[in-house]
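*Asks:* With the hints as constraints, model all of the structure from the sequences given.
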Amino acid sequence: MVRTLVATVLAVIVTGCASSGGMVHTPRPFPMPGGGTVAGPAPAPAEAGVPPGVVPPPAAPGRGSPPVSGLPAGANTDGYALSSTALSLRGAPYRNGGVDPASGFDCSGFVRYVYQQHGVPMPRAVREQFQVGKSIKRDRLEPGDLVFFSTVAPGASHVGIMIGGDQFIHAPSERGVVRVENLGAQYWASRYLGAKRVS
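Counted from 1, the sequence shown has number 198 at position 152 by the working numbering; the numbering is strictly sequential.
Honestly, the hints are just simulated from the structure, not real lab data. Please note: incorrect hints may appear among the correct ones.
Said to hold, decoys possible - Computed Cβ-Cβ distance ranges for the label pairs, DEER-style:
| # | residue 1 | residue 2 | range |
| --- | --- | --- | --- |
| 1 | Tyr-238 | Glu-174 | 13 to 23 Å |
| 2 | Pro-118 | Ala-235 | 27 to 37 Å |
| 3 | Gly-137 | Asp-212 | 16 to 26 Å |
| 4 | Gln-232 | Gly-120 | 32 to 42 Å |
| 5 | Lys-183 | Arg-141 | 27 to 37 Å |
| 6 | Ala-119 | Arg-221 | 36 to 46 Å |
| 7 | Ala-235 | Ser-181 | 15 to 25 Å |
| 8 | Ser-236 | Gly-120 | 33 to 43 Å |
Yeah, the Cβ is synthetic: ideal placement off N, Cα and C, and Gly gets one too.
*Replies:* Printed below as a string of structure tokens:
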């Protein structure tokens, strides 16, 4: 009985982004910047929501323009606005199934929350989010684009939001907090699945 209880508790604890399809998987651990585990919130972003060392690319034409068919009136898909909102949530705790800053986020709950702050409806599960928007090549990524990874199972099982350069922000795992990562890091590059632009 105790062994079953311990196994059940461990299965719940180690589930990375469980909103990726309802199945419980044991994820590979997410890398921590500088190794180890995150002890507390990340430092505040430097200027205007852009982390130190990131030079924002020039604004792309059409970003933030009037809503395209399928989005509600008033929806704002400006990538810099989306990434600024995402960066304001750095340090928020991870919580499996979490959908708000007060109690914490999982990866898809974080993405959904950020997009909803700009009037953009977003599905709850990673696999559903992977079906939204237009596919974008990696060399064309812009702030606000969604980046998807295959971390715990085949197919989309983790999601983050590009913030500029080669960096993205996400809610990584039960030991972590919302933080910025480098898309070119070996862990993420080897698990990269694709990207979507919601406009």
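*Asks:* Within 15 to 25 Å or not, the Cβ separation of Ala-235 and Ser-181?
*Replies:* holds (18 Å)
*Asks:* The hint says 13 to 23 Å between Tyr-238 and Glu-174; measuring C-beta to C-beta, is that right?
*Replies:* holds (19 Å)
*Asks:* So does Ala-119 sit 36 to 46 Å from Arg-221, Cβ to Cβ?
*Replies:* This hint holds: roughly 41 Å between Cβ atoms.
*Asks:* Note whether the CB distance of Pro-118 and Ala-235 lies within 27 to 37 Å or breaks it.
*Replies:* For Ala-235 against Pro-118, whose Cβ atoms are near 35 Å apart, the range 27 to 37 Å holds.
*Asks:* Taking 32 to 42 Å as the hint, is the beta-carbon distance of Gln-232 and Gly-120 inside that range?
*Replies:* At roughly 41 Å between Cβ atoms, Gly-120 and Gln-232 fall inside 32 to 42 Å, so the hint holds.
*Asks:* Evaluate the given range 27 to 37 Å for the C-beta pair formed by Lys-183 and Arg-141.
*Replies:* holds (33 Å)
*Asks:* Do the Cβ positions of Gly-137 and Asp-212 conform to the proposed distance bound of 16 to 26 Å?
*Replies:* The hint (16 to 26 Å, Cβ to Cβ) holds, given that Gly-137 and Asp-212 are roughly 21 Å apart.
*Asks:* Holds or violated: the 33 to 43 Å window for the beta-carbon distance between Ser-236 and Gly-120?
*Replies:* holds (39 Å)
Against the hints set out earlier in the document, no violation occurs for any number.
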